Amino acid sequence: MNVLKLEDFTTQEINEILDLAEEFKNGKKVDYQGKKIIANLFFEPSTRTHYSFDTAALRLGCRTQNFDAGNSSLKKGETLYDTVKTFEMFGVDALVIRHTENEYYKQLVNNIHIPILNAGDGTGNHPSQSLLDLLTIRQEFGKFQGLKAVIVGDIRHSRVAHTNFKIMQRLGMTVYTSGPLEYKEEGYNYVEFDDIIDKVDVVMLLRVQHERHEEEMKETKQQYHQQFGLSSSRVKGMKDQAIIMHPAPFNRNVEIADDVVECNKSRIFKQVQNGVYIRMALLHMVLGENV
Amino acid sequence: MNVLKLEDFTTQEINEILDLAEEFKNGKKVDYQGKKIIANLFFEPSTRTHYSFDTAALRLGCRTQNFDAGNSSLKKGETLYDTVKTFEMFGVDALVIRHTENEYYKQLVNNIHIPILNAGDGTGNHPSQSLLDLLTIRQEFGKFQGLKAVIVGDIRHSRVAHTNFKIMQRLGMTVYTSGPLEYKEEGYNYVEFDDIIDKVDVVMLLRVQHERHEEEMKETKQQYHQQFGLSSSRVKGMKDQAIIMHPAPFNRNVEIADDVVECNKSRIFKQVQNGVYIRMALLHMVLGENV
Amino acid sequence: MNVLKLEDFTTQEINEILDLAEEFKNGKKVDYQGKKIIANLFFEPSTRTHYSFDTAALRLGCRTQNFDAGNSSLKKGETLYDTVKTFEMFGVDALVIRHTENEYYKQLVNNIHIPILNAGDGTGNHPSQSLLDLLTIRQEFGKFQGLKAVIVGDIRHSRVAHTNFKIMQRLGMTVYTSGPLEYKEEGYNYVEFDDIIDKVDVVMLLRVQHERHEEEMKETKQQYHQQFGLSSSRVKGMKDQAIIMHPAPFNRNVEIADDVVECNKSRIFKQVQNGVYIRMALLHMVLGENV
Chain R
1 MNVLKLEDFT
11 TQEINEILDL
21 AEEFKNGKKV
31 DYQGKKIIAN
41 LFFEPSTRTH
51 YSFDTAALRL
61 GCRTQNFDAG
71 NSSLKKGETL
81 YDTVKTFEMF
91 GVDALVIRHT
101 ENEYYKQLVN
111 NIHIPILNAG
121 DGTGNHPSQS
131 LLDLLTIRQE
141 FGKFQGLKAV
151 IVGDIRHSRV
161 AHTNFKIMQR
171 LGMTVYTSGP
181 LEYKEEGYNY
191 VEFDDIIDKV
201 DVVMLLRVQH
211 ERHEEEMKET
221 KQQYHQQFGL
231 SSSRVKGMKD
241 QAIIMHPAPF
251 NRNVEIADDV
261 VECNKSRIFK
271 QVQNGVYIRM
281 ALLHMVLGEN
291 V
Chain U
1 MNVLKLEDFT
11 TQEINEILDL
21 AEEFKNGKKV
31 DYQGKKIIAN
41 LFFEPSTRTH
51 YSFDTAALRL
61 GCRTQNFDAG
71 NSSLKKGETL
81 YDTVKTFEMF
91 GVDALVIRHT
101 ENEYYKQLVN
111 NIHIPILNAG
121 DGTGNHPSQS
131 LLDLLTIRQE
141 FGKFQGLKAV
151 IVGDIRHSRV
161 AHTNFKIMQR
171 LGMTVYTSGP
181 LEYKEEGYNY
191 VEFDDIIDKV
201 DVVMLLRVQH
211 ERHEEEMKET
221 KQQYHQQFGL
231 SSSRVKGMKD
241 QAIIMHPAPF
251 NRNVEIADDV
261 VECNKSRIFK
271 QVQNGVYIRM
281 ALLHMVLGEN
291 V
Chain H
1 MNVLKLEDFT
11 TQEINEILDL
21 AEEFKNGKKV
31 DYQGKKIIAN
41 LFFEPSTRTH
51 YSFDTAALRL
61 GCRTQNFDAG
71 NSSLKKGETL
81 YDTVKTFEMF
91 GVDALVIRHT
101 ENEYYKQLVN
111 NIHIPILNAG
121 DGTGNHPSQS
131 LLDLLTIRQE
141 FGKFQGLKAV
151 IVGDIRHSRV
161 AHTNFKIMQR
171 LGMTVYTSGP
181 LEYKEEGYNY
191 VEFDDIIDKV
201 DVVMLLRVQH
211 ERHEEEMKET
221 KQQYHQQFGL
231 SSSRVKGMKD
241 QAIIMHPAPF
251 NRNVEIADDV
261 VECNKSRIFK
271 QVQNGVYIRM
281 ALLHMVLGEN
291 V
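Those protein sequences? They're chains R, U and H, same order as listed. Counting from 1, position 224 in the first sequence corresponds to residue 224 in this note's numbering; the numbering is continuous, with no gaps. Counting from 1, position 144 in the second sequence corresponds to residue 144 in this note's numbering; the numbering is continuous, with no gaps. Counting from 1, position 132 in the third sequence corresponds to residue 132 in this note's numbering; the numbering is continuous, with no gaps.
These are computed hints drawn from the structure, not numbers from a lab. A few of these clues could be false.
[As the list claims (entries may be wrong)] Covered by chain R, per the in silico footprint, the following chain H stretches (three or more residues, Cβ under 8 Å): (1) 57-67; (2) 171-183.
[Claimed, not checked] In silico lysine-lysine, DSS-like type, Cα no more than 30 Å apart, as pairs: (3) U:29 with R:35; (4) U:166 with R:35; (5) U:199 with R:36; (6) H:25 with H:270; (7) H:270 with H:29; (8) U:29 with H:28; (9) H:221 with H:184; (10) H:265 with H:239; (11) U:36 with H:36; (12) H:143 with H:106; (13) U:270 with R:106; (14) R:35 with U:270; (15) R:35 with H:270; (16) R:270 with H:36; (17) U:35 with H:35; (18) H:148 with H:106; (19) R:35 with U:35; (20) H:270 with H:236; (21) H:28 with R:35; (22) U:148 with U:270; (23) H:25 with H:35; (24) U:35 with R:36; (25) U:35 with R:29; (26) R:36 with U:184; (27) R:36 with U:25; (28) U:36 with H:35; (29) H:29 with R:28; (30) H:143 with U:35; (31) R:29 with H:36; (32) R:28 with H:36; (33) U:143 with U:265; (34) H:265 with U:106; (35) R:28 with U:166; (36) R:36 with U:270; (37) U:184 with U:25; (38) U:265 with U:184; (39) H:270 with U:106; (40) H:221 with R:36.
Owing to the predicted nature of the structure, the values given are computational and were not obtained by experimental measurement. Beta carbons: idealized from backbone N, C-alpha and C, even for Gly.
Please construct the entire structure, taking both the sequences and the accompanying hints into account.
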């Protein structure tokens with residue numbers, strides 16, 4: 001069983017994953033007693049997702065291998081498939097993979113016979129991130145149906161935006177997007193941020209990737225913050241029960257003001273916490289054992 | 001007890017290691033219960049050997065440390081001996097070391113009092129690789145005596161070629177080498193690849209190290225593939241029971257055609273699998289405990 | 001409970017830590033059975049301190065995470081606080097942090113609610129190193145009161161020198177410093193090395209950081225060795241019971257002659273060994289559990 005993209009899961013299956021994550025949050029214990037090995041293969045820099053999966057595996061009593069793509073046979077020109085097949089042959093029990101290429105997993109799934117958990121593919125999918133976002137929303141509102149959210153930032157290049165937009169609509173939410181026009185994605189309900197901010201239950205910010213899009217991006221950090229950044233004054237315009245989310249890492253004083261990061265509407269670090277429970281649920285699900 | 005080069009082991013000892021590896025393949029369980037720490041010190045990039053040793057140690061219930069040579073005191077000019085002595089002083093139970101220098105271990109063995117497993121020294125030795133090759137051959141043919149093998153590629157710079165040529169001859173095999181003339185090694189039975197391919201039981205390919213020998217190498221990748229690469233048509237000329245081996249990582253369509261990598265004569269990924277059993281056997285042997 | 005700098009601990013507390021380390025040296029067993037996770041966050045290269053903490057945690061039966069600062073979200077501009085907060089949210093049980101910035105921990109302590117062990121901050125503090133130095137001295141002389149030590153090298157940039165100078169004085173030792181005049185620190189009892197070497201019980205050498213101070217440093221390696229290096233002939237001038245210490249890594253034939261490194265007065269590798277016991281004591285202390 002693989003976890004490649006949320007489209008492969010029914011709404012009921014998604015709710016079952018959230019339920020299992022909630023159980024882990026409430027103290028459910030599973031201990032694989034060192035008998036399962038999880039290999040984390042990260043071909044792109046990551047703190048949060050990588051170590052979140054690592055922590056999740058350790059908490060389940062699994063052993064982990066952390067593959068350092070910078071110091072490996074990839075330097076010798078080995079293909080992704082051959083690297084992944086090698087880890088399968090080692091006898092590891094599941095693979096957590098992040099790669100820059102969209103749908104990299106298509107070249108793997110037919111010939112790899114152990115579970116693959118997609119930890120992000122290019123600008124495509126990031127299922128565990130979406131699931132932790134959903135868990136955070138469900139904890140807050142107890143439902144998805146009827147909620148309104150706006151996702152703000154570089155929609156076009158964001159796997160978080162792509163994955164969340166679709167799944168949130170499927171779950172009954174109304175989802176808008178906003179941000180610089182050069183990053184607008186057709187068919188994604190584009191609105192002006194200041195026109196929608198007082199009407200939504202969830203403001204989901206995306207990271208400004210200045211290191212990737214230096215040339216393309218028209219705004220300076222200051223201009224971005226002024227036009228699309230979540231400042232204290234914008235927070236004041238939000239609904240009473242509305243919450244702020246961000247997949248992190250975030251740029252303080254660019255997409256989010258320094259003093260908003262840990263304000264009472266922010267669920268940003270709670271998302272990090274939920275990420276571990278979601279990944280425990282996913283790992284336990286694919287390892288397929290009740291112990 | 002160290003594992004530095006196969007010349008240090010009698011034929012009987014080598015067969016005992018293969019037997020122990022076979023037992024691990026057949027399910028033998030050993031659990032050091034986290035009480036042994038293995039430090040993997042890799043001063044040269046490696047996926048296969050590094051993580052194969054790591055997996056082997058984890059499966060034996062050992063804990064592992066993976067020393068990142070790129071982010072270490074080596075940057076501060078520390079000698080190899082001083083780095084290795086430091087890990088001995090930490091109290092780790094065995095060291096797995098790969099280094100670019102031939103016979104690097106000579107500067108270590110007199111003053112380091114815990115087991116060293118050589119995971120490759122320069123162009124010299126790679127004992128665990130040879131042992132997994134031997135295990136793969138023995139599984140296939142049930143013996144070594146009388147078998148014929150050809151090793152094809154950059155013989156001169158290959159520790160796999162050097163180690164295998166000697167040990168296979170000792171075990172009663174007839175070993176030939178082939179490949180570009182500029183990499184021919186004197187005294188290593190050089191033959192034309194196409195003259196020998198229909199007569200051998202084992203075709204062992206070596207990786208073309210284009211990243212190392214860009215200037216020296218006379219052939220383009222295409223020319224190499226045409227002259228020395230294992231294509232489908234060359235495979236058709238092989239004996240019925242003959243097998244294809246490669247220490248990996250391999251360059252698809254250079255030394256081996258894409259569609260040959262996983263053909264029915266190929267044992268390449270089986271070698272990877274056997275590598276873990278061999279390394280479990282070696283670690284268990286040097287840890288010197290029956291638990 | 002944090003371990004940030006030794007000034008925060010009373011003399012009695014320091015002696016209790018040394019006592020606990022001594023107990024671990026004498027075989028005391030503690031096993032957290034994989035239930036505690038220690039994250040090692042190293043934002044500066046380190047072999048000794050990093051893997052010493054890692055070994056200490058593994059020997060206590062903890063699981064460890066080794067954060068690769070070079071391959072992380074720091075590349076995406078994340079602040080130190082946000083990275084550290086993320087690990088807290090993951091639910092790890094303690095953090096071991098090294099960072100280039102002096103007193104980096106001041107920005108953390110108010111909002112991070114799990115123990116932080118400072119593994120070195122800029123040119124400021126390095127409490128676990130000082131404690132292992134103290135343990136080595138106490139093992140040798142059974143006391144601190146009345147002992148004389150000289151610290152030789154780049155005093156100004158050395159967190160070892162700064163931390164040791166203060167704590168050794170507090171414990172009743174007389175401490176001198178020596179080395180190149182351009183690295184002299186005011187108020188640190190500067191003396192000529194050759195005037196004091198026959199009068200001290202402890203000669204503590206510091207590493208010459210040629211990679212950092214290439215321009216500033218006036219001496220070549222040869223000149224340094226002649227003026228401040230511990231040569232065999234200088235060793236002959238030392239008191240009979242006097243010992244040689246170095247926090248390592250060391251430059252052979254710069255601050256210390258090749259044949260002095262493991263001479264009978266040297267405690268350099270014993271310091272490495274003691275480092276693991278000290279870190280076991282510190283980790284056990286902050287984890288706050290008797291198991």
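To test your reading of the hints: which numbers does this structure violate? Violated: hints 2, 4, 5, 12, 15, 18, 26, 30, 35, 37, 40.
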